[in-house]
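> Since the structure of chain A is provided, determine the placement of chain B on it from the hints.
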Amino acid sequence: MGLITEIDYGTPASKAEKQITLTVDGRTVTVPEGTSVMRASMEAGIAIPKLCATDMVDAFGSCRLCLVEIEGRNGTPSSCTTPVVPGMVVHTQTGRLKDIRRGVMELYISDHPLDCLTCAANGDCELQDMAGAVGLRDVRYGYEGDNHVFRKHDDAANFRFMPKDESNPYFTYDPSKCIVCSRCVRACEEVQGTFALTIEGRGFDSRVSPGMHESFLASECVSCGACVQACPTATLTEKSVIEIGQPEHSVVTTCAYCGVGCSFKAEMRGEELVRMVPWKDGKANRGHSCVKGRFAYGYSTHKDRITSPMIREKITDPWREVSWEEAFAHVTAEFRRIQYQYGRTSIGGITSSRCTNEETYLVQKLIRQGFGNNNVDTCARVCHSPTGYGLGQTYGTSAGTQDFDSVEDTDVIMVIGANPSAAHPVFASRMKKRIRQGAKLIVLDPRETETVHSVHAKADVHLPLLPGTNVAVVTSLAHVIVTEGLFDEAFIRERCDWSEFEDWASFVAEERHSPEEVEKLSGVPAERIREAARLYATGGNGAIYYGLGVTEHSQGSTTVMAIANLAMATGNIGRRGVGVNPLRGQNNVQGACDMGSFPHELPGYRHISGDAVRDIYESLWGTKLDNEPGLRIPNMLDAAVDGTFKGIYIQGEDILQSDPDTKHVSAGLEAMECVVVHDLFLNETARYAHVFLPGSTFLEKDGTFTNAERRINRVRRVMTPKNGLADWEVTQKLAQTMGLAWAYAHPSEIMDEIAKTTPSFAKVSYDYLDQMGSVQWPCNEKAPEGTPIMHVDGFVRGKGKFIRTEYVATDEKTGPRFPLLLTTGRILSQYNVGAQTRRTENIVWHDEDILEIHPHDAEQRGVREGDWVRLASRSGETTLRATITEKVAPGVVYTTFHHPETQANVITTDFSDWATNCPEYKVTAVQVNPSNGPSGWQEEYEDLSRRSRQIERPLEAAE
Amino acid sequence: MTMQQAGTQIAARTAAIIDEFKELEGPLLPILHGVQDEFGHVPQDALPVIAEALNLSRAEVHGVVTFYHDYRREPAGRHVVKLCRAEACQSMGGDALAAKLKQLLGIGFHETSADGAVTLEPVYCLGLCACAPAAMVDGEVIGRLDADRLEEIVSQVSA
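Protein chains in written order, with this note's numbering: chain A, 1 to 959; chain B, 1 to 159.
Extracted from the complex, chain A is given alone in its bound form (with noise of 0.2 Å):
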């Protein structure tokens, strides 16, 4: 075990076809068309010196130590900017080479302080290591000229000198350490896309600024750190390294955060983290990552993260920590006398979309073996089981069609509910390097997001659709495209029922589904629908990307399907740069749904009603499994409410503030009694518990997760649970004390038994996953490599479905009293309900929910910029502040749901998807007046949160 150290090729690769071969120093390489001569040398194991160029950005050819000897051209090219050709003979290392580079370095120390013993970088240093490579020996110019090193010049300031720049809380700017190489500043623009640094001035004067030399704090930065991973010298380091020093060994393995999923390799000093650096072979995120992967581990350490068991009697008693046996123990003969005195379906569990797959499989396992039943779902009812229903019915598959790499190809680019740059960053990221070279950007949403106005990449046509109107406007992209022939009618003869599209087709072709009659009702002007229909239809290749925006809806699913139906039509589906991809929200929600979480369905979406598949599971595990579909969360509230639901297991989930309706949640979970939660902190719905499991990180755990583009994962475990067991071990013991005969030795034997039960997993094992990197299902006989693009000979299901997708308004409808209409939605440095980041130093960039309200809405109520408003619903009241923008339409507020004092979920309703139950968050008609601070609510609920926390320490004798 040690470093695993990355090849730095120094420019990107050639996707050419056309291979050339040439001769490095002697030696024959074939390398693709367009191929840097410095990166032809890399691939023949020859390091050419270089400081400019790295192969996450494009050459640059500055620095000038890479200049190589060609024969037969005259003078040294710099060998980053140098393609090659045929029959090339390079030499790297000449007399005249030697002697140019070490003036150039000589030239670079002169203005850089010696202190390397004490630098930050020392033994991570590529000048340090340049300076080795040319055989520099001597600095001949002194320090006494002008120079960016000292504070003081000739004892007056040095006016050149610049201070450190702390402000970001992850790394530090040193410009005394900054050779000017502007790796950082292609990096930002190249890799993340967001522009925020710049080279000022010119000549010596020149320095890397971020914003309008702003501090990065100030600036339009980001922090997702691609500039400090870029970095060649300690100007730009992490201040983790500047405390802890020099990581010794590194571990590959998957962030816990967003759907996008990105490989990262942790890198230790023995078991403490010392920083997180994406993984170039990770192929969702392909080096890349954003300020929440990289730098907002810290919760993992937080002092509010509990480590032992606790039970209590009564929620208002205060918690008692007891050994993991009592705790297993009690939580068993709580479980048995529930169901004894209420029925075998009286208690149930919710599985995680944030814990591994093996666990989500242990969790769904122990319900249906252990507790006898199938009330077993998981937080995916909450965002994409629309998803799941809509893509399932229309192609056969429950997950999305592509890649991301398949966005490299795409022409035409559709956004739909979704805000990649603030909820998927580094997916974002590479959409708007697509965009930057020239796809075009579709964007449907309320507001005007970062998506839709981001630099070098703005929307071309932007559908600001009142929210609830999505059928309407899709199902009217569709009336365009079929209206004015835009099919591609090849395909849909090929692919589809033919009869089934006509039918459709008649459907769509009505009067009331043009975008003359939409407009009135979603507000989007009519010429804007047909723009992006034909954009879409006609601009090559098409590739839907939608998110909740579209699923938490009381008409989800059909939107999933307007969606399918646009692919299907315009023969946007089966090829690399097209398709329809879901942005899952965490990290694991499609694995979560993958394997049984769902009550009606066992692992690989297998509905539990089959005989054949129950067969298989009643075989292995000896036991005989229900054949109907068990109680969703909402009916297990429901239930509870009616009493007939009295005890739940709950892993990695926070229903109570991250499930619509707060109130009648909690009131179901008062009902109950026995609530389990495992989480890591004390959340919100811990108050209602009687037994809290303390979790494990993503850190401290082996198994997979699997993200949005169905890509199978590893998470390796890098240090040792401060709770002791891993969350698949917590599980186990818990289904042991209930009396089930389990012994996994490893999550690995966990992921054997799913491969074996699973179809769409046959091939999948720890030990391919290590020998392919990672796999996206299905991966068996069929496909031995995984599958990266679906449907590309024909559908799952076999012919494509065409549904007629309705549009009926939601039941929330604005009136007198709720007169506009709320949106919710997520912030780059914040996730989800912020149980993690909110713990991080990531409260520097948000640390409280903002109403946002047009300027129109906001004068009419008298609400002036940072107000206290409250804002109302028919489900319940909350304060918040306010912000005035016109990213929001007139009509429409919008926040975010990341902290609890805020519990933006007081206010949203019991609507739900027809389909699935996926609550409606996105539509809840409300009101918004000007107010003096936190409501009775917020101040009751703060002061219950309180009691409800309190632990039970042994009293200590005084002496």
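Simulated from the structure, these hints should not be mistaken for lab results.
Take these hints with a grain of salt, some might be off.
[Stated by the list, open to error] Label-pair ranges, simulated between beta-carbon atoms:
1. A:886 <-> B:111: 42 to 48 Å
2. B:111 <-> A:408: 29 to 35 Å
3. A:494 <-> B:68: 57 to 63 Å
4. B:73 <-> A:98: 39 to 45 Å
5. B:73 <-> A:408: 36 to 42 Å
6. B:130 <-> A:132: 19 to 25 Å
Glycine included, every Cβ here is placed at the ideal spot set by N, Cα and C.
Relative to the frame of chain A, chain B by itself:
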């Protein structure tokens, strides 16, 4: 006028200039020239307005403005004297002239006199090497400088 009002006014006047040049290919430099013509310098408050209008980042606009020395960050004096400091002029006694000029004006390079009358700047070649040493006063080039000519210039710009 408060700072904020000044900022709003700069934004409004900048927006008008942007409208004028926005349709050009590569409109940033013409816009910056327009702004400098309008305000006598490129005020910091104009940068975010330009960035927003052209869908650039603030950093990018800042990078361009600071790259070109001719874009001023602060208002100049009523007169601007640029003295050539390039090789040909130096070889024709430019160093002595520079010292003399600084002494007469009482300011150094990149400085403006306290009364706001004149700003002194070095320039690297006016293309007037054949008539070295050379200077430029308020946009007019002057060749074959000597001590007398300098005093004449100084009395002219100090008035």
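> Are the hints correct? Go through all of them and say.
Results for each hint:
no.: 1; hint: A:886 <-> B:111: 42 to 48 Å; in the structure: holds, 44 Å
no.: 2; hint: B:111 <-> A:408: 29 to 35 Å; in the structure: violated, 53 Å
no.: 3; hint: A:494 <-> B:68: 57 to 63 Å; in the structure: holds, 59 Å
no.: 4; hint: B:73 <-> A:98: 39 to 45 Å; in the structure: holds, 43 Å
no.: 5; hint: B:73 <-> A:408: 36 to 42 Å; in the structure: holds, 41 Å
no.: 6; hint: B:130 <-> A:132: 19 to 25 Å; in the structure: violated, 50 Å
The structure fails hints 2 and 6 (numbered hints given earlier, in ascending order).
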